[in-house]
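First to last, the protein sequences are chains A and B. The numbers in our numbering rise by one with no breaks, and the one at position 166 of the first sequence is 166. The numbers in our numbering rise by one with no breaks, and the one at position 63 of the second sequence is 63.
Be aware that one or more of the hints could be misleading.
One copy or two, either will do: identical chains are not told apart, so a pair holds if it fits within one copy or between any two.
[As the list claims (entries may be wrong)] BS3-like, lysine-lysine: derived pairs with alpha carbons at most 25 Å apart:
| no. | residue 1 | residue 2 |
| --- | --- | --- |
| 1 | LYS44 | LYS2 |
| 2 | LYS149 | LYS44 |
| 3 | LYS96 | LYS29 |
| 4 | LYS165 | LYS2 |
| 5 | LYS44 | LYS165 |
| 6 | LYS94 | LYS149 |
| 7 | LYS29 | LYS172 |
Calculated from the structure, these hints are not laboratory results.
Below are the chains, spelled out letter by letter.
There are 2 protein chains.
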Amino acid sequence: MKNTVYIISGPAGVGKSTTSQTLVQEFEKSAYISGDDISHIPVKGRGLPWLDQESLDLIWNNILSLTSNLLDYGFDVVIDYVTFPSEAAWLAEKLKHRDIKVVYVVLLVDDETIVQRDRLRPEEHQMGERSLILLHEFERDGSLSDLNKLYTHHYSVDQLPEIIKEIIHNEKYLVRL
Amino acid sequence: MKNTVYIISGPAGVGKSTTSQTLVQEFEKSAYISGDDISHIPVKGRGLPWLDQESLDLIWNNILSLTSNLLDYGFDVVIDYVTFPSEAAWLAEKLKHRDIKVVYVVLLVDDETIVQRDRLRPEEHQMGERSLILLHEFERDGSLSDLNKLYTHHYSVDQLPEIIKEIIHNEKYLVRL
Numbered sequence: 001m002k003n004t005v006y007i008i009s010g011p012a013g014v015g016k017s018t019t020s021q022t023l024v025q026e027f028e029k030s031a032y033i034s035g036d037d038i039s040h041i042p043v044k045g046r047g048l049p050w051l052d053q054e055s056l057d058l059i060w061n062n063i064l065s066l067t068s069n070l071l072d073y074g075f076d077v078v079i080d081y082v083t084f085p086s087e088a089a090w091l092a093e094k095l096k097h098r099d100i101k102v103v104y105v106v107l108l109v110d111d112e113t114i115v116q117r118d119r120l121r122p123e124e125h126q127m128g129e130r131s132l133i134l135l136h137e138f139e140r141d142g143s144l145s146d147l148n149k150l151y152t153h154h155y156s157v158d159q160l161p162e163i164i165k166e167i168i169h170n171e172k173y174l175v176r177l
Numbered sequence: 001m002k003n004t005v006y007i008i009s010g011p012a013g014v015g016k017s018t019t020s021q022t023l024v025q026e027f028e029k030s031a032y033i034s035g036d037d038i039s040h041i042p043v044k045g046r047g048l049p050w051l052d053q054e055s056l057d058l059i060w061n062n063i064l065s066l067t068s069n070l071l072d073y074g075f076d077v078v079i080d081y082v083t084f085p086s087e088a089a090w091l092a093e094k095l096k097h098r099d100i101k102v103v104y105v106v107l108l109v110d111d112e113t114i115v116q117r118d119r120l121r122p123e124e125h126q127m128g129e130r131s132l133i134l135l136h137e138f139e140r141d142g143s144l145s146d147l148n149k150l151y152t153h154h155y156s157v158d159q160l161p162e163i164i165k166e167i168i169h170n171e172k173y174l175v176r177l
């Protein structure tokens with residue numbers, strides 16, 4: 001079977017980490033890349049990735065390098081990061097010489113749900129307005145195909161296995177170059 | 001000034017993380033790579049790095065890729081990991097086409113100190129015997145030059161700035177190929 005790179009995207013607070021960390025357990029040999037962790041490797045002199053293109057480029061180059069190495073060693077890879085369609089396409093393009101699949105899922109919920117979920121987080125992790133702004137940024141992004149969107153507010157927490165199945169088995173999420 | 005890659009090594013419990021995280025603050029544009037964090041990117045199907053050569057190779061390839069990208073973007077890099085002389089030499093060799101410096105410091109203490117420090121850690125982070133075994137492994141390693149050893153048990157905690165100065169300014173720690 002072909003190795004697969006899963007890009008689990010969506011606004012902050014939508015459940016990317018929980019989904020990714022459950023997904024990564026589904027395979028025999030698999031790795032989990034947290035884009036947030038990668039973004040914190042630069043300590044001094046780094047910009048904010050959502051404001052500074054050079055910082056964002058470095059993050060994506062680092063994610064690409066790790067993904068390439070992991071594929072070389074036979075791992076499926078789950079990437080957990082706020083990823084826009086152009087970034088998913090860039091990554092898929094960089095990997096296209098390999099006989100692998102790239103899956104791009106943008107987790108989304110309605111406005112009410114994202115605000116509620118943000119309030120349930122420990123205060124120091126609450127995103128406030130930024131969750132909602134990011135949600136709208138994804139929804140308004142004309143380059144994001146409906147095929148890659150996965151609305152999860154109709155699922156309850158104990159239905160996570162169904163979301164995982166959907167991500168693994170529904171071919172509509174495949175990036176086609 | 002040339003960019004520098006600092007490899008901060010030594011057995012578990014010797015103060016690598018504290019030293020590295022203080023060191024990384026000394027530069028204008030610098031990054032911190034935790035080898036332990038990198039070793040946890042593979043989730044399923046990974047071996048223990050101290051038992052499994054393939055797992056260890058992947059970790060070092062990942063550290064090399066991140067370091068190369070960071071150097072491309074003008075960062076000094078601090079690598080915090082249990083690194084043996086052959087691994088430091090491998091990394092320096094892979095980076096030798098670049099106009100940079102590689103510094104390799106193996107932090108060491110006496111037996112008594114490492115046992116004491118291990119006991120001061122939260123129980124779930126205590127290494128027990130393994131700290132001492134690793135310490136002896138470094139001390140017995142014939143390929144480890146005395147030049148790269150930095151014994152720290154004569155320093156008190158508030159002398160960390162002196163250790164940092166020593167690492168930055170004493171050229172004896174430079175890897176020469």
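Structure-based check of each hint:
In this assembly of identical chains, LYS44 and LYS2 lie within 25 Å of each other by CA distance solely across copies; the values are 17 Å between and 39 Å within a copy. Within a single copy, LYS149 and LYS44 get their C-alpha atoms no closer than 36 Å, and across copies no closer than 27 Å, so neither meets the 25 Å cut-off. Taking CA atoms no more than 25 Å apart as the test, LYS96 paired with LYS29 passes inside one copy only; the shortest distance there is 21 Å, against 33 Å between copies. Proximity of LYS165 and LYS2 under a CA criterion of 25 Å is satisfied intra-copy only: 17 Å inside one chain copy versus 50 Å between copies.
Within a single copy, LYS44 and LYS165 get their C-alpha atoms only as close as 41 Å, which misses the 25 Å cut-off; across copies the closest is 18 Å, which meets it. Only within a single protomer do LYS94 and LYS149 lie at most 25 Å apart by alpha-carbon distance; the minimum there is 22 Å, versus 42 Å between protomers. Taking identical chains as interchangeable, the C-alpha atoms of LYS29 and LYS172 lie at most 25 Å apart only when both belong to the same chain, with a minimum of 24 Å there against 42 Å between chains.
The earlier numbered hint that this structure contradicts is number 2, and it is the only one.
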